[in-house]
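Residue-level listing of the chains:
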Amino acid sequence: MKLFQKTASAILVSSLIAGAAQAQVSDDEIRIGYLADMSGTYRDLAGPGGLEALKMAVEDFGGSVDGKKIVLFNADDLNKPDVGANTVRQWVDEKNVDMVTGLVASSVVLAAVKVVEQADKLALISGAASSGITNEYCSPNHIHWTYDTYALANGTAKAVLAGGGKSWYLLTADYAFGHAMEADISKVVKEGGGEVLGSVRHPFPSTDFSSYVLQAQGSGAQVVALANAGADTVNALKTASQFGVTQSGQQLAGMVVFLNDIHAMGLEVTQGLKLTTGWYWDMNDETRAWAKRYHARFGSMPTMAQAGVYSATMHYLNAVKATGSDDTKTVRAKMAETPINDMFAKGGKIREDGRMVHDMYLVQVKTPAESKGEWDLYKVLSTIPGDQAYRPLADSQCKLVNKVAKN
Amino acid sequence: MTLIFGIPLGVLLGQLLLGLINGAFYALLSLGLAIIFGLLRIINFAHGALYMLGAFAALLGLQHLGVNYWMALVLSPLVVGALGMAIERHLLRRIAGEDHLYGLLLTFGLALILEGGFVKLFGVSGASYPTPDLLKGGVNLGFMFLPGYRAWVVVAALVVCFATWFMIERTRLGSYLRAGTENPKLMQAFGINVPLLITLTYGYGVALAAFAGVLAAPIYPVSPTMGANLLIVVFAVVVIGGMGSIMGAIVTGLAMGLIEGLTKVFYPQAASTVVFLVMVIVLLFRPAGLFGKEA
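So the sequence lines, in the order shown, correspond to chains A and B. Under numbering that gives the first Met the number 0, residues 0 to 406 are what the first sequence spells out, in order. Under numbering that gives the first Met the number 0, residues 0 to 294 are what the second sequence spells out, in order.
Read the hints as simulated data drawn from the structure, not as lab findings. Quick caveat: nothing in here was measured; it's all calculated off a predicted structure. Please note: incorrect hints may appear among the correct ones.
[Claimed, not checked] Which stretches of chain B does chain A cover? Using the computed rule of at least three CB atoms under 8 Å from a CB of chain A, they are: (1) 117-126; (2) 135-149; (3) 222-228.
[As the list claims (entries may be wrong)] Derived lysine-lysine pairs resembling DSS-like cross-links, with alpha carbons at most 30 Å apart: (4) A:K68 with A:K54; (5) A:K79 with B:K119; (6) A:K94 with B:K135; (7) B:K119 with A:K365; (8) A:K378 with B:K135.
Even for Gly, the Cβ is constructed at its ideal location relative to N, Cα and C.
Whenever a hint applies, use it, and build me the whole structure from the sequences.
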């Protein structure tokens, strides 16, 4: 298997070198499109901030790669798959865009990557959650960078189980993402010797969670897990705090929670919550230095999705520089063979299914007394090594992985 | 414990109480809509955005001017109500007497501009408004833990709703209002300043929305989209109650809250649609709504 991979990549590399002999940067420009929800529910998670991170990456590269100018396009996908797919189609057809990044709502991403695959371009996904993106929907044309549902459910649920939380009750958003999350959590809980006492599927989106919180309280479970995201999670947490869920001895576990959510809710409501994140700004000097630059430009601290946009773009531009090409296969192969070592990840690697595997972090939200500033929100409890955090290739349904295995 | 349809009585009581709390919000908002429709014949799509403005006025007042919750409860409706009067005076008046569609489009456009502007300024995550100290904590009712603030919401909303009903149905000012609805020309001939009456009515309807916004601020995140999510349900409530019916709006608002609460126990997936189901059924059998007068 190892040997096969080596020969395969050797063949790939040699064919690429042959290709690289020709003039390789199309239109003499490197064209990048940034597609994200710029105005709706997911705006603060990636949105304009992610675009700023992208601009930082381009500027750090001096605006060009070996004299080839980097040109940016951006658009609002309004969280609508058809809008997202049409925008990307326009970009690749008319503007000859080489790479698309941002990519937030999973539904939009699944529509957009199909277009990217047909046009044989590259998509670097930073915002989206669904682990299906590199599982049943994997393609050689996209890479999932920052996190996914599998890693978040896995990381948080295991940690809570280890802390003694054995009986669970789930609040699930009633659509594909929530159901997938519920299945992921249930699996981890059962394998860890725990028990799921019940779940309630609430409509997406919901404003009033008091009824579901009451049902969760009535269940007597030790852990109330939130298999939802964004505003739903915010509402559920806020309601849980008002109804005294933690005071009555139950533990809350948020699955898809971002820095901007915690910031919006405040520590009074969220303190003590355990969650898994792909990155946090206040981890070491490197992350702090980058985050400070970002903060000075944008006015808030970056989320993991925004940092992921920077990291993915830098890695892409480095690969373009190294190969002197913006051809998808060439760049994709170079990206895969180069480990990712930057402020975002250490020793990160891109698998054949398109999953960028890197360490994840189990964090706990600080109490108001512990926090020293507006954005001092998490304390890092432990590091989850990348190969334990993400779905192992052995369990993958990705067509690209099966091909390798069968040979 | 007694079981009702397999659900413990305690759980059921808890859910009914929560339904009543939501119903209080529906009642407040649909009441404002009903008043505005009654006199102006305007389908006020900006109502959700104005509710959001009420919440933001409280939040910004607290953050920048030190206005506490109790003061905000009075000041925010006044400020937003004044804005409402300006909207009526300078925008809605220009299309008075035109087809309903013009009013609908104008207010819908206003809502989009307000919400878009606030998204630009504050983002979509919103911010948290602290529960006032006096109402922190709660009481254990045996079958559930009732946060003090939620109990207050029901009381405050009901008092304001019934005070409004009393003012419109039982006082002289209210009789002018109702007469203005019936025949504005005749009212004018009697020397009543109908345009002023209209401005004040719109302002009052808007102030009710802002009041609901302040009440909601400590419960839900204060965010630019908070009104848009609620507005459609509230419209359904108004339609079920009968467009323009004051009592209809209050009673239906509370009733829909209760029905939603029950749905959340028996089949939570349908909780967000049950109101519309009721609306369809009501429209089939009573097209003018439960409390509306048949035209």
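Structure-based check of each hint:
1. Given a C-beta distance limit of less than 8 Å, the hint that chain A covers the region 117-126 of chain B holds, as 6 residues qualify and 3 suffice.
2. Evaluation of the coverage hint for the region 135-149 of chain B: fulfilled, as 6 residues show C-beta separations to chain A shorter than 8 Å, against a requirement of three.
3. Coverage of the region 222-228 of chain B by chain A holds in this model, with 4 residues showing a Cβ closer than 8 Å to a Cβ of that chain against a need of three.
4. A distance of roughly 13 Å separates the Cα atoms of K68 (chain A) and K54 (chain A); the hinted pair therefore holds under the 30 Å criterion.
5. Annotation: proposed proximity of K79 (chain A) to K119 (chain B) holds, straight-line Cα distance about 20 Å (limit 30 Å).
6. Proposed proximity of K94 (chain A) and K135 (chain B) is contradicted: the alpha carbons are some 57 Å apart, above 30 Å.
7. A distance of roughly 29 Å separates the Cα atoms of K119 (chain B) and K365 (chain A); the hinted pair therefore holds under the 30 Å criterion.
8. A threshold of 30 Å between alpha carbons decides the hint, and for K378 (chain A) with K135 (chain B) the separation of about 28 Å falls inside it, so the pair holds.
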